[in-house]
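A.B. asks: Protein sequences appear in the order of chains Z and H. Take the first sequence: its letters are residues 8 to 595, numbered as in the working numbering. Take the second sequence: its letters are residues 8 to 595, numbered as in the working numbering.
You may find that some hints are simply not true.
[Unchecked claim] Derived lysine to any residue pairs resembling SDA-like cross-links, with alpha carbons at most 20 Å apart:
| no. | chain 1 | residue 1 | chain 2 | residue 2 |
| --- | --- | --- | --- | --- |
| 1 | H | Lys-527 | Z | Pro-455 |
| 2 | H | Lys-223 | Z | Gln-201 |
| 3 | Z | Lys-579 | H | Gln-518 |
| 4 | Z | Lys-514 | Z | Arg-424 |
| 5 | H | Lys-527 | Z | Phe-117 |
[Unchecked claim] Anything over 12 Å on all C-beta distances counts as not near chain Z; from chain H, calculated:
| no. | residue |
| --- | --- |
| 6 | Lys-24 |
| 7 | Ala-92 |
| 8 | Pro-116 |
| 9 | Tyr-135 |
| 10 | Tyr-288 |
| 11 | His-312 |
| 12 | Asp-376 |
| 13 | Ser-443 |
| 14 | Asp-463 |
| 15 | Pro-512 |
Simulated from the structure, these hints should not be mistaken for laboratory data. These numbers were taken from a predicted model, which means no experiment stands behind them. Glycine included, C-beta positions come from ideal geometry on N, C-alpha and C.
Chain by chain, the residues:
Protein chains: 2
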Amino acid sequence: MFRTNTCGELRLADAGKKVTLAGWVQRVRKMGGMTFLDLRDRYGITQVVFEQTSDSALNEAANHLGREYVVQVTGTVAERESKNAKNPTGDIEIIADSLRVLNPSEVPPFTIEDESDGGDDLRMKFRYLDLRRNPVRRNLELRHRMTMETRRYLDSKGFLEIETPMLVGSTPEGARDFVVPSRMNPGQFYALPQSPQTLKQLLMVSGMDRYFQIVKCFRDEDLRADRQPEFTQIDCEMSFIEQNDVLELFEGMAKHLFKEIRGIELTEPFIRMPWADAMKYYGSDKPDLRFGMKFVEVDDILKGHGFSVFDNAAYIGGIVAKGAAGYTRKQLDALTDFVKRPQIGAKGLVYARVAEDGSVKSSVDKFYDQETLKALAAKMQAEPGDLILIMSGDDVMRTRKQLCELRLEMGRQLGLRDKNKFACLWVVDFPMFEWSDEEQRLMAMHHPFTHPKDEDIPLLDTDPAAVRADAYDMVINGVEVGGGSIRIHDAALQAKMFEILGFTPEKAQEQFGFLMNAFKYGAPPHGGLAYGLDRWVSLFAGLDSIRDCIAFPKNNSGRDVMLDAPAALDQKQLDELCLELAPEKEEK
Amino acid sequence: MFRTNTCGELRLADAGKKVTLAGWVQRVRKMGGMTFLDLRDRYGITQVVFEQTSDSALNEAANHLGREYVVQVTGTVAERESKNAKNPTGDIEIIADSLRVLNPSEVPPFTIEDESDGGDDLRMKFRYLDLRRNPVRRNLELRHRMTMETRRYLDSKGFLEIETPMLVGSTPEGARDFVVPSRMNPGQFYALPQSPQTLKQLLMVSGMDRYFQIVKCFRDEDLRADRQPEFTQIDCEMSFIEQNDVLELFEGMAKHLFKEIRGIELTEPFIRMPWADAMKYYGSDKPDLRFGMKFVEVDDILKGHGFSVFDNAAYIGGIVAKGAAGYTRKQLDALTDFVKRPQIGAKGLVYARVAEDGSVKSSVDKFYDQETLKALAAKMQAEPGDLILIMSGDDVMRTRKQLCELRLEMGRQLGLRDKNKFACLWVVDFPMFEWSDEEQRLMAMHHPFTHPKDEDIPLLDTDPAAVRADAYDMVINGVEVGGGSIRIHDAALQAKMFEILGFTPEKAQEQFGFLMNAFKYGAPPHGGLAYGLDRWVSLFAGLDSIRDCIAFPKNNSGRDVMLDAPAALDQKQLDELCLELAPEKEEK
Numbered sequence: 008m009f010r011t012n013t014c015g016e017l018r019l020a021d022a023g024k025k026v027t028l029a030g031w032v033q034r035v036r037k038m039g040g041m042t043f044l045d046l047r048d049r050y051g052i053t054q055v056v057f058e059q060t061s062d063s064a065l066n067e068a069a070n071h072l073g074r075e076y077v078v079q080v081t082g083t084v085a086e087r088e089s090k091n092a093k094n095p096t097g098d099i100e101i102i103a104d105s106l107r108v109l110n111p112s113e114v115p116p117f118t119i120e121d122e123s124d125g126g127d128d129l130r131m132k133f134r135y136l137d138l139r140r141n142p143v144r145r146n147l148e149l150r151h152r153m154t155m156e157t158r159r160y161l162d163s164k165g166f167l168e169i170e171t172p173m174l175v176g177s178t179p180e181g182a183r184d185f186v187v188p189s190r191m192n193p194g195q196f197y198a199l200p201q202s203p204q205t206l207k208q209l210l211m212v213s214g215m216d217r218y219f220q221i222v223k224c225f226r227d228e229d230l231r232a233d234r235q236p237e238f239t240q241i242d243c244e245m246s247f248i249e250q251n252d253v254l255e256l257f258e259g260m261a262k263h264l265f266k267e268i269r270g271i272e273l274t275e276p277f278i279r280m281p282w283a284d285a286m287k288y289y290g291s292d293k294p295d296l297r298f299g300m301k302f303v304e305v306d307d308i309l310k311g312h313g314f315s316v317f318d319n320a321a322y323i324g325g326i327v328a329k330g331a332a333g334y335t336r337k338q339l340d341a342l343t344d345f346v347k348r349p350q351i352g353a354k355g356l357v358y359a360r361v362a363e364d365g366s367v368k369s370s371v372d373k374f375y376d377q378e379t380l381k382a383l384a385a386k387m388q389a390e391p392g393d394l395i396l397i398m399s400g401d402d403v404m405r406t407r408k409q410l411c412e413l414r415l416e417m418g419r420q421l422g423l424r425d426k427n428k429f430a431c432l433w434v435v436d437f438p439m440f441e442w443s444d445e446e447q448r449l450m451a452m453h454h455p456f457t458h459p460k461d462e463d464i465p466l467l468d469t470d471p472a473a474v475r476a477d478a479y480d481m482v483i484n485g486v487e488v489g490g491g492s493i494r495i496h497d498a499a500l501q502a503k504m505f506e507i508l509g510f511t512p513e514k515a516q517e518q519f520g521f522l523m524n525a526f527k528y529g530a531p532p533h534g535g536l537a538y539g540l541d542r543w544v545s546l547f548a549g550l551d552s553i554r555d556c557i558a559f560p561k562n563n564s565g566r567d568v569m570l571d572a573p574a575a576l577d578q579k580q581l582d583e584l585c586l587e588l589a590p591e592k593e594e595k
Numbered sequence: 008m009f010r011t012n013t014c015g016e017l018r019l020a021d022a023g024k025k026v027t028l029a030g031w032v033q034r035v036r037k038m039g040g041m042t043f044l045d046l047r048d049r050y051g052i053t054q055v056v057f058e059q060t061s062d063s064a065l066n067e068a069a070n071h072l073g074r075e076y077v078v079q080v081t082g083t084v085a086e087r088e089s090k091n092a093k094n095p096t097g098d099i100e101i102i103a104d105s106l107r108v109l110n111p112s113e114v115p116p117f118t119i120e121d122e123s124d125g126g127d128d129l130r131m132k133f134r135y136l137d138l139r140r141n142p143v144r145r146n147l148e149l150r151h152r153m154t155m156e157t158r159r160y161l162d163s164k165g166f167l168e169i170e171t172p173m174l175v176g177s178t179p180e181g182a183r184d185f186v187v188p189s190r191m192n193p194g195q196f197y198a199l200p201q202s203p204q205t206l207k208q209l210l211m212v213s214g215m216d217r218y219f220q221i222v223k224c225f226r227d228e229d230l231r232a233d234r235q236p237e238f239t240q241i242d243c244e245m246s247f248i249e250q251n252d253v254l255e256l257f258e259g260m261a262k263h264l265f266k267e268i269r270g271i272e273l274t275e276p277f278i279r280m281p282w283a284d285a286m287k288y289y290g291s292d293k294p295d296l297r298f299g300m301k302f303v304e305v306d307d308i309l310k311g312h313g314f315s316v317f318d319n320a321a322y323i324g325g326i327v328a329k330g331a332a333g334y335t336r337k338q339l340d341a342l343t344d345f346v347k348r349p350q351i352g353a354k355g356l357v358y359a360r361v362a363e364d365g366s367v368k369s370s371v372d373k374f375y376d377q378e379t380l381k382a383l384a385a386k387m388q389a390e391p392g393d394l395i396l397i398m399s400g401d402d403v404m405r406t407r408k409q410l411c412e413l414r415l416e417m418g419r420q421l422g423l424r425d426k427n428k429f430a431c432l433w434v435v436d437f438p439m440f441e442w443s444d445e446e447q448r449l450m451a452m453h454h455p456f457t458h459p460k461d462e463d464i465p466l467l468d469t470d471p472a473a474v475r476a477d478a479y480d481m482v483i484n485g486v487e488v489g490g491g492s493i494r495i496h497d498a499a500l501q502a503k504m505f506e507i508l509g510f511t512p513e514k515a516q517e518q519f520g521f522l523m524n525a526f527k528y529g530a531p532p533h534g535g536l537a538y539g540l541d542r543w544v545s546l547f548a549g550l551d552s553i554r555d556c557i558a559f560p561k562n563n564s565g566r567d568v569m570l571d572a573p574a575a576l577d578q579k580q581l582d583e584l585c586l587e588l589a590p591e592k593e594e595k
């Protein structure tokens, strides 16, 4: 037996016990005739003492231990003289009487501490050492607990976890697929699933009633900080339900997770905000409701005063930053620069400070008299000491999105985006379609199987762009953690949908034939949703990037720098797959 | 709301309640003025009655329902006159007062009954309909419960489920990889993991202490009935353990699953049978211990009597089939044909019947006197009424394997392989190496990281072929459900292992460099195992093939006939991946 106890479990009540521990050398300190070893494992750190007077050879051996050596120590638990209240094992220490080096270690390339001196690249290359650090390990522990609790909740609600295949067919619609050449079917390829969407719908046709799966999905997209080529979804689908059933059940799951994982009891129902309101008041389909700063549209007040920027704008709206009237000119210039950055692309920013006496001082005073500015402050419910920030533009939606960026930045600057506070809502009633300039046609905003709202079905013939869908997103702190929809189960409605999306019946059959055929044999009403597990764990862990809740993530070029993958194949492997590398790329 | 209850939950106590059910039409029977509808969902079948006298239009509508229509029925729960004790809802029926067709259905291509009239090909093409059948659905429910209980057990033992990547590097050693071309790294490929073996070892280096994952793995091998290109593993690894710790913990898991899933309490410790004994007594490293028929070696008795087949044999051994002395000549000839089939390849079979008076009558009586035959019967503990079956050959191991096939066939014929009886054991002390005629060198039987038994380490220098490993398999009813080993954590021992396996240090570095480098930084002693989930579920479900516990399996050509995958790619996709199809294969 390698150990009687872990390095995290011994307490004062264990004093006097003979124990054996095993773990890694966190550090060794020599103090007079004593050597102190901090022994670490996943469960904690226990202090081990080697006394020179009682066994000088043993003490000498301890002095030669290096950082990250793997050792086994036997000794007696004793009460510490100077206790460490910060460490759960801090009341005791082990008086060692034997020491065995199980494995030595080279000096690690960075320190195994909460705040490491390793840069990102080094940490990723030696990820197995990075994972020894408490903050990274804790993220994986959190992830484990979240998936356990998710499964426990869904199982208690009658959901079956059913594995769908990883080697499926490629669908040209949607994002780019990763593909897998088939050796047994030369010239043909599998695709890795972007999501089990169609398969879970088939499971509803098969009467599985309630399905879920925590499953890897794949998208071959150019990567950003919060994207990975492979990611994990909590994928769910239910039959014989309406939108409200889905929202209630999964709101219950979110509350269960908040309670079990974060110890937060959310008692209020989640707000259900129509997409149109989310855009109007927050300029985003995933508003961060940890703070207010709701948009106020002020065209009525600010137009017609000779300020041509506003007079010609299609949209004028603003936010009130409470108590920020003290912002300096320099701070305000920085905000202007912020909204003018190419990523945001606004032309500028108008501000107005509300003084203690109620007077309003703006950056466009020469166009507006005090009466108008006071009317502005009144409409925006700005009070003395507040800062008003106004943006305008000739494209309503684009300007709202710019104002959204400003709102989020002000929320950040004013400390209103506390990572330990959570604001959850459902965004509902998404538009069914969005216009694609590239394709010059309406595209499905969610996917072509999304059910339109019953009351909007007549609009499919007259004004399809105005049709709203039974589609919904769960948003927490400005992050879309999940989303889904009620699906069409009626063949005639599905055919009409394909027609609006510009599919010929032949093309629809070619791309979605297997699903449409299945629907001929008694498809039940159904719907569901999918959560991005990586994002949700990041949110619970308070991380800025999803990478630190993934054991072995890939970098922005899709590379695993630890494994050094992808890599060239042996010619033999290519031959077996009947593949050749295209000549023009072989130089690369 | 689509339903107040499922089709499986109403009981006599619900009589008088107004309910709404939804589901599929299992069948409709018209009897006089009544129409009976069996309404089915995942949870059961409920009988619905439409009375012509009370609502003739409604009754007429019910008469027009086809099989597999999806309908919603509202009515009142009533006690049935003629109850059906076989159906949990058989005490009640619903007196319908409204009926709504949610979706019609074409006539399904095969019957949705426990015993379907659909052949394998049709069932696979319309798998979504096949899954509506009780026996198939129950397999998926069993699979769900097994994974839930596996996770619950491992979580309770401190294991963390950690997801390892699906896009990894290709390793030329081992089985053939499925590969994934990288668009962002042209000319380079990821591989899909054959198992997370090296990654879980890295997680041990990272101090995760106890890891598990229920995870898809991939092998591009030619397929057999019990192989799928993608399969699911319960993959586990632990640190600071010895072999006994692993066996005890996972024996506990098996017992937990037997109890929770099958209601079987296994109280005895699993037998731990050395590999050498398994081969000697059962001719197999996965003996089926539901029945005896242990091999008895009888060279000492049967050699030297002038029967040249035996006199020249390297091995003579037999089994006793209890009570099978009545086997006819025809049955015995069939057994001889059985062992002579090319898959088994034996030259023949000698039999001897023990008569009621204790006399022995054999097929080789002209070589053996009664005294010798009685000595044979005595050594084999054959009793009156028993049948002795003897095989011989010039290759000991090959003959044992042939005798194993005969033993299993006799077990089958005598009804000793009851699918509801379970015999579990550990096979331990596997050989470290096996000789490869193809490669003309020793190969690792398990993998190159397997730890040799401590007491055999000296043999590495003198007689490597005799070295036994700390490797173990869990065997249930002749099926290897899982296996694993203690891993080498010592760099010098690992180097010696590579040397014996014929790796130059450079080649070892090239293929396993990332793992060997990791081991320089303090690898703990560790080991683990992996279970084949598909096989284990099949065993619990009493299935002959793993396919029926997989929602969407592939056929023997690796095709998903429902999705029609794999398939040709668009040229655009090939171009993006910088790939060309090899010309000689393009005609295919």
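A.B. asks: For each hint, tell me whether it holds in the structure or not.
C.D. replies: Hints, verified against the model:
no. : hint                  : verdict
1   : H:Lys-527 - Z:Pro-455 : 53 Å, violated
2   : H:Lys-223 - Z:Gln-201 : 16 Å, holds
3   : Z:Lys-579 - H:Gln-518 : 17 Å, holds
4   : Z:Lys-514 - Z:Arg-424 : 47 Å, violated
5   : H:Lys-527 - Z:Phe-117 : 14 Å, holds
6   : Lys-24                : 18 Å, holds
7   : Ala-92                : 25 Å, holds
8   : Pro-116               : 9 Å, violated
9   : Tyr-135               : 4 Å, violated
10  : Tyr-288               : 31 Å, holds
11  : His-312               : 53 Å, holds
12  : Asp-376               : 58 Å, holds
13  : Ser-443               : 18 Å, holds
14  : Asp-463               : 20 Å, holds
15  : Pro-512               : 17 Å, holds
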